[in-house]
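Number of protein chains: 2
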Amino acid sequence: MTPRSPQQKTYHTSNPVAETAIDRTIPDLPIAQLSDEDKYFRTHKAPPYLPEIEQQVNDFIEYHASNTGKRIVLVTSGGTTVPLENNTVRFIDNFSAGTRGATSAEYFLENGYAVIFLHREFSLLPYSRHYSHTTNCFLDYMTEVNNKVEINPDFADEMLVVLRKYKEAKESQSLLLLPFTNVNQYLYTLKLMAILLQKIENKALFYLAAAVSDFFLPQSRMPHHKIQSQAAGKLIIDLEQVPKFLRRLVDNWAPSAMIVSFKLETDHLILIDKAKGALDRYQHQLVIGNLLQTRKKEVVFVHPDGSEVWIRLTDEQKAKDMDIEGLIIPAVIKEHSQWIEKYSK
Amino acid sequence: MTPRSPQQKTYHTSNPVAETAIDRTIPDLPIAQLSDEDKYFRTHKAPPYLPEIEQQVNDFIEYHASNTGKRIVLVTSGGTTVPLENNTVRFIDNFSAGTRGATSAEYFLENGYAVIFLHREFSLLPYSRHYSHTTNCFLDYMTEVNNKVEINPDFADEMLVVLRKYKEAKESQSLLLLPFTNVNQYLYTLKLMAILLQKIENKALFYLAAAVSDFFLPQSRMPHHKIQSQAAGKLIIDLEQVPKFLRRLVDNWAPSAMIVSFKLETDHLILIDKAKGALDRYQHQLVIGNLLQTRKKEVVFVHPDGSEVWIRLTDEQKAKDMDIEGLIIPAVIKEHSQWIEKYSK
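Just so you know, the protein sequences line up as chains P and B, in that order. Just so we're aligned: 17 in UniProt numbering is position 17 of the first sequence, and the numbers increase by one with no gaps anywhere. Just so we're aligned: 1 in UniProt numbering is position 1 of the second sequence, and the numbers increase by one with no gaps anywhere.
The hints are simulated quantities; they were obtained by calculation from the structure and are not laboratory data. Hints may contain errors.
Stated by the list, open to error - Here are the simulated EDC-like cross-link-like pairs (lysine to aspartate or glutamate), alpha carbons at most 16 Å apart as the crow flies:
(1) LYS296(P) x ASP315(P)
(2) LYS167(P) x GLU150(B)
(3) LYS170(B) x GLU62(P)
(4) LYS148(B) x GLU158(P)
(5) LYS148(P) x GLU150(B)
(6) LYS148(B) x ASP157(P)
(7) LYS276(B) x ASP305(B)
(8) LYS170(P) x GLU144(B)
(9) LYS199(P) x GLU62(P)
(10) LYS165(P) x GLU144(B)
(11) LYS276(B) x GLU308(B)
(12) LYS148(B) x GLU62(P)
(13) LYS244(B) x ASP280(B)
(14) LYS274(P) x GLU308(P)
(15) LYS297(P) x ASP315(P)
(16) LYS165(B) x GLU158(P)
(17) LYS167(B) x ASP140(P)
(18) LYS167(B) x GLU150(P)
(19) LYS148(P) x ASP280(B)
(20) LYS167(P) x ASP140(B)
(21) LYS334(B) x GLU110(B)
(22) LYS170(P) x ASP140(B)
(23) LYS297(B) x ASP323(B)
(24) LYS148(B) x ASP154(P)
(25) LYS244(B) x ASP38(B)
(26) LYS165(P) x ASP140(B)
(27) LYS297(B) x ASP273(B)
(28) LYS148(P) x ASP305(B)
(29) LYS148(P) x ASP157(B)
(30) LYS70(B) x GLU171(B)
(31) LYS167(P) x GLU144(B)
(32) LYS167(B) x GLU144(P)
(33) LYS199(P) x GLU54(P)
(34) LYS70(P) x GLU121(P)
(35) LYS170(B) x GLU144(P)
(36) LYS165(B) x GLU144(P)
Using the sequences and the hints, build the whole thing.
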């Protein structure tokens, strides 16, 4: 149904004096319902840096479309925050160090993809993740030799391997790092990415590993200053549900891209059902289910045809400390190749 | 009033058969009211690693008491989380990168204090803060020269200065790093520190820069699994107020230590009143007030006698990118010296 502009009014009157008046006895056609997503974007301001990101991403896509022909994956990573105040002191956060996203990005890069890494600021980054967020302090990797800072020999050989991969990704312009913090920034940036990536159609892959809040506090209800605690008071926070954007991603913003999302649960009894529910609701191509407790050792690929395929590290692979993303990414890429083939027919 | 042990029962009977029975017609003396803090500790489990921390801190205090005679400051730093689920996916967090705490710890070390740094895991650490949480990735500090990882020459000289200070702090055993994540871990660890630091009496300084949650979700009400979002549902989170521990710190746990706490607000109109309110309530020696917007440039020392002293970076100091902690710490140390002198009379 075509939305009706509010300017189009219908006049029904034979009274010449009333020619210019609106006859309110004739009801307007119902105005097309705004989707929850549209309502959200109408009532929440875009982050001010969005035009800058648009430029960077356009250049990145243009470069690869014209020069390398690489497929491009958007990897989202880390948790979004939900600010509870405008001058943010308190916020609700989702648990995620960003390990899944950062590790996956490395395997995509090594398999020839260009990667847009949309990540929670200060969460783990591809390659540098090996040295941050450990119990080691940055300076524990360093030592002083002849009045010069050097890399501690215990770490030097492995660091050289990682550094080379990182420099290769940077020099080939295959890795674009974009940060977000709160859920509003995430939603606006994701929408923008989807619209821009539509240019490369089915060569675009969305790999949505970020832990996005289900609930948020609307900007209209947000207190300007820090919430004050009362003498013996309780705090009651009344949150709204975040609109389910994934459906729009498929239908409107990037209909020809392949979309993979994650479903993280803590209760194994509901994992498969929740993953299937997400597939039904969003109509994308693959949901990867995982449990908080075992997510580094096993995941399940759930497809629209109902098939479930478990991917697990073997005991030997666990002993070698292999990343499960080393199994996940080649399997996702295979499905992306099939998607491209099917779409191109 | 002295609390009455529950074992102390009073027997009033002349019936020999009933000699060993409790006469319930005589009411027990009223049992001393549990403070909010006691109630909290009775209904919330201690983190399992607490005995290990106790050992480390005991050794640290013992070492300095016997060998160096240094004063010891407990610096708390970073924000506490409030888990909303037992298998934590979602939590409420307080904004704090830990800059104030990490920077202050460096100035305490350089002024001859031994520092226990009780910090939010992965927040900024003394010295390494110069290289983490920047927009630079860890590996951007590195470069490859003749098949070897080296420090990028742009950073090498400054890094040598920082590395030397860090190694000095470590080798003199003057810096003990202890992490926390959630508010329960913070409260248990703070209480333990207070009890242990009582050994060095007025040579102990508490410098409480952590951003501690005012509200929490009691363990008894916490769902075991991830909260499920309903079709069109809202989420209402009903939180309890965190007991005000600072008073107990003064009265019971570490009555001879000097205690400094911070009051962070976003509204300048209420800052001083809130700081004075905290002083009245907790009876400690100094509250440092600061506004979220200007906290890196100015703070206000508020004292029990009502005096307010603003500490501000000059334009020249700002131009040199000087840390305001370079002004705060010497001023705090001066007050600690006065405290020791007064107490020793």
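Here's how the hints hold up against the structure:
no.: 1; hint: LYS296(P) x ASP315(P); result: 13 Å, holds
no.: 2; hint: LYS167(P) x GLU150(B); result: 14 Å, holds
no.: 3; hint: LYS170(B) x GLU62(P); result: 50 Å, violated
no.: 4; hint: LYS148(B) x GLU158(P); result: 11 Å, holds
no.: 5; hint: LYS148(P) x GLU150(B); result: 10 Å, holds
no.: 6; hint: LYS148(B) x ASP157(P); result: 8 Å, holds
no.: 7; hint: LYS276(B) x ASP305(B); result: 10 Å, holds
no.: 8; hint: LYS170(P) x GLU144(B); result: 14 Å, holds
no.: 9; hint: LYS199(P) x GLU62(P); result: 9 Å, holds
no.: 10; hint: LYS165(P) x GLU144(B); result: 12 Å, holds
no.: 11; hint: LYS276(B) x GLU308(B); result: 10 Å, holds
no.: 12; hint: LYS148(B) x GLU62(P); result: 35 Å, violated
no.: 13; hint: LYS244(B) x ASP280(B); result: 13 Å, holds
no.: 14; hint: LYS274(P) x GLU308(P); result: 13 Å, holds
no.: 15; hint: LYS297(P) x ASP315(P); result: 10 Å, holds
no.: 16; hint: LYS165(B) x GLU158(P); result: 27 Å, violated
no.: 17; hint: LYS167(B) x ASP140(P); result: 9 Å, holds
no.: 18; hint: LYS167(B) x GLU150(P); result: 14 Å, holds
no.: 19; hint: LYS148(P) x ASP280(B); result: 52 Å, violated
no.: 20; hint: LYS167(P) x ASP140(B); result: 9 Å, holds
no.: 21; hint: LYS334(B) x GLU110(B); result: 15 Å, holds
no.: 22; hint: LYS170(P) x ASP140(B); result: 10 Å, holds
no.: 23; hint: LYS297(B) x ASP323(B); result: 8 Å, holds
no.: 24; hint: LYS148(B) x ASP154(P); result: 13 Å, holds
no.: 25; hint: LYS244(B) x ASP38(B); result: 11 Å, holds
no.: 26; hint: LYS165(P) x ASP140(B); result: 13 Å, holds
no.: 27; hint: LYS297(B) x ASP273(B); result: 20 Å, violated
no.: 28; hint: LYS148(P) x ASP305(B); result: 51 Å, violated
no.: 29; hint: LYS148(P) x ASP157(B); result: 8 Å, holds
no.: 30; hint: LYS70(B) x GLU171(B); result: 15 Å, holds
no.: 31; hint: LYS167(P) x GLU144(B); result: 10 Å, holds
no.: 32; hint: LYS167(B) x GLU144(P); result: 10 Å, holds
no.: 33; hint: LYS199(P) x GLU54(P); result: 13 Å, holds
no.: 34; hint: LYS70(P) x GLU121(P); result: 26 Å, violated
no.: 35; hint: LYS170(B) x GLU144(P); result: 14 Å, holds
no.: 36; hint: LYS165(B) x GLU144(P); result: 12 Å, holds
In summary, the numbered hints that this structure violates are 3, 12, 16, 19, 27, 28 and 34.
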